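Can you make the complete structure from the sequences, with help from the hints?
In this text, residue positions in the sequence shown follow full-length UniProt numbering: the first is 1, and each later residue adds one.
Don't read these hints as lab results, they were simulated from the structure. Just so you know, not all the hints are guaranteed correct.
Taking CB as the label site, the calculated pair distances span [as the list claims (entries may be wrong)]:
{"id": "1", "residue 1": "Ala14", "residue 2": "Asp34", "range": "43 to 49 angstroms"}
{"id": "2", "residue 1": "Val194", "residue 2": "Leu98", "range": "16 to 22 angstroms"}
{"id": "3", "residue 1": "Ala94", "residue 2": "Gly180", "range": "27 to 33 angstroms"}
{"id": "4", "residue 1": "His37", "residue 2": "Arg74", "range": "23 to 29 angstroms"}
{"id": "5", "residue 1": "Val194", "residue 2": "Val153", "range": "39 to 45 angstroms"}
{"id": "6", "residue 1": "Gly201", "residue 2": "Thr55", "range": "51 to 57 angstroms"}
{"id": "7", "residue 1": "Thr33", "residue 2": "Lys140", "range": "18 to 24 angstroms"}
{"id": "8", "residue 1": "Arg115", "residue 2": "Ala14", "range": "29 to 35 angstroms"}
{"id": "9", "residue 1": "Leu98", "residue 2": "Ser18", "range": "22 to 28 angstroms"}
{"id": "10", "residue 1": "Ala21", "residue 2": "Gly201", "range": "37 to 43 angstroms"}
{"id": "11", "residue 1": "Pro82", "residue 2": "Ala199", "range": "41 to 47 angstroms"}
Please read all numbers here as calculations on a predicted model, not as lab measurements. Quick reminder that beta carbons are idealized off the backbone N, C-alpha and C, glycines included.
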Amino acid sequence: MFTGIVEELGTVVALTESADAARLEVGADEVLTDARHGDSIAVNGCCLTVAALGTTAGGRRTWTADLMAETLERTTLGGLVPGAPVNLERALAAGGRLGGHVVQGHVDGVGTVLRREPGERWDVVEISLPADLARYVVAKGSIAVDGVSLTVVDAGDDRFTVSLIPETLARTTLGTRAVGEQVNLETDVLARHVERLLAAGVAR
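What follows is the structure in structure tokens.
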């Protein structure tokens, strides 16, 4: 699992598509200091498996992951282009600090940036919310946007707002996400478990 605390901004080197899959190569530094084949690294909030390690012609270290059809359909990763920055986070090590919230790296859906209000110290961002996810998003609850752990300010039936502090603006892709751009969303997994347990209790 992950915490939603982005470790670094990586750079897309290549996205090679095939009939029903794709292979993504990303340039990185921090997340590759101890990376091995089979490790999990989240890219914009989507958990991927390290399939290969390499180096670009310019000498930057890279890692490669395979994207199956489900990933391409449910996330924004299929639209990545070479040079695009991406949020990267290694899986949480046992005993590590849970600085954000419990993030699985399983993207629930895609939202669109509807509005940005720049402030003196932070930006308020409004993002569309797929109807089937609205019941899991509540004011002051947690949500992961492109893999970044955030606190919901306001929640509606089809949208929500978050406030981005200077650290988030400077260290993640959310600092430059423009109106109209899409982002990966992962709702709080605890809400999903509670819903399932309550439904089972009612069924009895």
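Results for each hint:
1. Ala14 x Asp34: 43 to 49 angstroms: Once the Cβ atoms are compared, 24 angstroms apart, the range 43 to 49 angstroms for aspartate 34 and alanine 14 is violated.
2. Val194 x Leu98: 16 to 22 angstroms: Holds, at about 19 angstroms.
3. Ala94 x Gly180: 27 to 33 angstroms: violated (40 angstroms)
4. His37 x Arg74: 23 to 29 angstroms: Distance hint for histidine 37, arginine 74 holds at roughly 25 angstroms.
5. Val194 x Val153: 39 to 45 angstroms: Since the Cβ atoms of valine 194 and valine 153 sit about 22 angstroms apart, the hinted range of 39 to 45 angstroms is violated.
6. Gly201 x Thr55: 51 to 57 angstroms: Holds, since glycine 201 and threonine 55 (Cβ atoms, about 54 angstroms apart) stay within the stated range.
7. Thr33 x Lys140: 18 to 24 angstroms: For threonine 33 and lysine 140 the Cβ distance comes to about 35 angstroms; the hint is violated.
8. Arg115 x Ala14: 29 to 35 angstroms: Holds, at about 33 angstroms.
9. Leu98 x Ser18: 22 to 28 angstroms: violated (37 angstroms)
10. Ala21 x Gly201: 37 to 43 angstroms: holds (40 angstroms)
11. Pro82 x Ala199: 41 to 47 angstroms: The hinted range 41 to 47 angstroms holds for proline 82 and alanine 199, with Cβ atoms some 45 angstroms apart.
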